[in-house]
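Participant: Chain by chain, the residues run as shown.
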Amino acid sequence: MSAREDILSNIRRSLGVTGREAPRKAAVEERLRAAPRGVVPARGRLSGGALVDLFRAEAERVAASVAEVSQAQDIVGEVARYLREHNLPASLRMGADERLNGLDWSGVAMEVSQGPSAGDDLNGLSHAFGAIAETGTLAMVSGADNPTTLNFLPDNHIVVLREADLAGDAETLWDRLRARYGKGLAPRTVNLITGPSRSGDIEQQIVLGAHGPRRLHIIILRG
Amino acid sequence: MTSPAFRQNAHDALADKQLQQALGNVRAGFIDKRAQAAERLPEFEALRDSARDIKNHVLAHLDLYLEHYETKVREAGGHVHFARTAQEACATIVEICKAQGARTVTKGKSMVSEEIGLNAAIEAAGMEAVETDLGEYIIQLRHEAPSHIIAPAVHLTKEQVEADFRRLHKHLPQERDLSQAEALLGEARMVLRKRFLEADVGITGANFLVAETGTSIIVTNEGNGDLTQTLPRVHIVIASIEKIVPTLEDAAQILRVLGRSATGQDMSVYTTLSTGPRRPGDVDGPQAYHVVLVDNGRSAMLGTEFEEMLRCIRCGACMNHCPVYHAVGGHAYGWVYPGPMGAVLSPSLLGVDKAGHLPNASTFCGRCESVCPVRIPLPKLMRHWREREYERHLAPATYRYGLGVWAFFARRPALYKLATGLAMPVMSYLARKQGRFKKLPLASGWTDHRDMPAPQGKTFQAQWRERGGRTR
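Just so you know, the sequences run in chain order S and Z. For the first sequence, this note's numbering assigns the number 142 to the initial residue and increments by one for each residue that follows. For the second sequence, this note's numbering assigns the number 29 to the initial residue and increments by one for each residue that follows.
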């Protein structure tokens with residue numbers, strides 16, 4: 142018998158089932174179909190400005206910084222300001238996302254390059270698919286628009302989030318993923334990011350900037 | 029594996045000054061952080077019930093969810109391999125690496141890879157396995173096993189890590205300052221960044237396997253797991269079969285108790301969902317995606333009194349709250365799973381003849397069960413193992429003899445009363461100065477490491493009678 146058949150038949154023997162029982166199959170199919178939500182904390186059940194405020198507070202709690210802008214073109218100035226404030230070079234790596242490339246970067250003397258990161262970029266810019274206010278978490282989706290390597294290799298990661306894409310809880314985000322990619326399907330990678338990288342492996346002392354970004358800056362586009 | 033020598037290991041650990049200093053960090057750090065995180069979420073206790081129920085549902089339908097998960101991974105372009113044993117799992121992974129002509133294999137933190145001895149298998153096949161989690165990297169440099177399931181190097185002090193880095197990172201200037209944790213982390217980041225970029229295969233574990241979508245999920249703080257799985261040509265996920273959850277909603281339920289129970293974080297920094305290899309149009313990510321599903325004794329635990337152990341989500345809360353773990357640390361347990369969860373799981377996976385001492389390493393204080401996010405009755409399961417060990421005559425002669433003596437008196441209440449009635453005033457008189465014994469004949473196993481309190485006042489039975497308690 143193959144390892145697969147052996148393991149499945151061992152499980153069935155231990156459980157005292159054949160694997161063909163209709164009620165068991167129905168229970169599994171129903172759960173996969175209905176995807177019941179269970180206990181969803183009340184904390185994220187907010188809307189409008191209160192939801193943004195919660196997201197902001199939670200993200201800042203985990204050492205991300207947050208800025209808000211009211212128009213898309215203001216993102217350019219905020220990125221430039223952030224890099225200046227931290228004495229970082231005016232260079233930026235980003236994917237093919239039109240919402241970022243469509244901005245006019247000419248006014249701020251920024252060296253903008255496009256594509257995934259090969260590990261030598263200091264600053265990366267990405268657009269979030271969504272976010273979860275409950276925990277101050279960003280949701281990034283893989284693809285040419287926002288390559289996964291940009292989420293991890295640059296020292297400084299700047300992420301743009303549209304207010305309309307902000308969810309109160311993970312369950313609301315899952316609904317959006319299913320609406321976009323289809324029921325039972327998922328993008329290759331979804332990165333849920335809650336603050337800059339860190340480690341507590343030496344004497345339980347939390348230090349920021351482990352293998353991922355040392356800094357995470359979130360720009361919320363309001364409205 | 030030194031689990032059979034637990035008694036000696038524990039004895040040595042208690043005398044190890046550096047270890048005792050490092051273990052202070054466990055006592056100081058984890059407990060308060062978990063309590064504060066739980067406090068901040070009013071639904072925390074309800075979520076623990078929910079997480080327990082999800083795991084029970086999965087275990088009762090594990091065969092069907094595994095089949096569904098497998099189908100979804102294949103549909104997403106991934107490969108699924110089943111491994112009955114540690115050897116099969118290692119052989120499968122080595123074969124995938126060899127087929128790639130791999131030289132360097134990076135690894136994210138994975139307890140099941142420790143369980144199956146994967147690094148040794150990769151090295152034996154002539155490839156280099158590089159641990160990339162900071163704690164795992166440190167213990168790999170020292171050729172040690174992890175001493176904690178989420179903080180593998182928690183048994184070490186900063187000074188020990190500095191000494192290892194100076195010993196092994198010879199290409200760096202000798203006069204560099206490594207006195208702070210920041211500097212040590214920065215050095216590991218720099219050294220490992222190069223390894224990430226040159227790796228041919230990346231291996232990660234999985235905290236969850238989502239049947240609905242064929243997705244594997246890892247939960248990390250450092251970002252090393254993501255670099256491990258994103259940069260090389262091939263991503264291999266190694267996971268034990270009980271990691272399955274039905275849907276993303278179920279994963280979200282358990283995620284809410286996982287981070288809080290483990291490190292006191294509402295969410296760990298990176299929760300990454302991976303479904304198959306690179307898609308058309310992708311500019312990064314692995315070109316091949318493999319999942320190796322490991323049984324290694326788990327299917328045999330289903331339907332037994334130890335089935336509940338398969339709910340474990342490897343958060344480490346039980347060991348963080350365990351007075352025995354606090355005293356002896358993780359290495360004393362002699363294998364990859366320490367603390368209360370290890371005391372229950374190791375005998376299941378290794379056999380009670382090898383790991384039968386571990387369930388004795390408990391005071392039955394119940395703190396492990398009180399903090400377990402999936403409500404595993406750990407003390408009860410340890411008691412089951414003690415019974416089995418006793419039934420199989422594996423317990424030491426002195427233990428069996430002592431229990432026999434106690435049983436003799438316990439079955440003869442009049443004699444018991446007489447004996448305790450005589451012993452109490454004598455012991456109380458002998459210890460009248462300090463109220464405790466620093467040494468007792470035949471009890472050095474106890475008194476070497478802590479004092480024995482002297483009896484005070486009357487016996488329990490006498491007090492019970494005085495307070496009007498019911499007697500037979």
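Just so you know, not all the hints are guaranteed correct.
[As the list claims (entries may be wrong)] With a cut-off of at most 16 Å between alpha-carbon atoms, the simulated EDC-like pairs for lysine to aspartate or glutamate come out as follows:
hint	chain 1	residue 1	chain 2	residue 2
1	Z	Lys466	Z	Asp476
2	Z	Lys126	S	Asp215
3	Z	Lys408	Z	Glu333
4	Z	Lys186	Z	Glu151
5	Z	Lys408	Z	Glu335
6	Z	Lys408	Z	Glu397
7	S	Lys324	Z	Glu103
8	S	Lys324	S	Glu171
9	Z	Lys222	S	Glu171
10	Z	Lys45	Z	Glu187
11	S	Lys166	Z	Glu95
12	Z	Lys461	Z	Asp479
FYI, nobody ran anything at the bench for these hints, they're computed from the structure.
Participant: Could you run down the list of hints and mark each one as holding or not?
Facilitator: Cross-check of the supplied hints:
Between Z:Lys466 and Z:Asp476 the CA atoms are separated by roughly 8 Å; this keeps the pair inside 16 Å, and the hint holds. A threshold of 16 Å between alpha carbons decides the hint, and for Z:Lys126 with S:Asp215 the separation of about 51 Å lies outside it, so the pair is violated. Between Z:Lys408 and Z:Glu333 the alpha-carbon distance is near 10 Å, which keeps this suggested pair within the 16 Å criterion. Distance restraint check for Z:Lys186 and Z:Glu151: the Cα-Cα separation of roughly 28 Å exceeds the 16 Å cut-off, and the hinted pair is therefore not satisfied.
With a C-alpha separation of about 12 Å, the suggested pair Z:Lys408 and Z:Glu335 falls inside the 16 Å cut-off, and the hint holds. With a C-alpha separation of about 9 Å, the suggested pairing of Z:Lys408 with Z:Glu397 holds against the 16 Å cut-off. Note on S:Lys324 and Z:Glu103: the hinted pairing holds, with a Cα-Cα distance of about 13 Å set against a maximum of 16 Å. Distance restraint check for S:Lys324 and S:Glu171: the Cα-Cα separation of roughly 14 Å lies within the 16 Å cut-off, and the hinted pair is therefore satisfied.
A distance of roughly 47 Å separates the Cα atoms of Z:Lys222 and S:Glu171; the hinted pair therefore is violated under the 16 Å criterion. Among the hinted pairs, Z:Lys45 with Z:Glu187 is consistent with the structure: their alpha-carbon atoms are about 13 Å apart, no more than 16 Å. With a C-alpha separation of about 11 Å, the suggested pairing of S:Lys166 with Z:Glu95 holds against the 16 Å cut-off. Distance hint between Z:Lys461 and Z:Asp479 is fulfilled; the C-alpha atoms sit about 14 Å from each other, no more than 16 Å.
In the structure shown, a violation is registered for the earlier hints numbered 2, 4 and 9, in ascending order.
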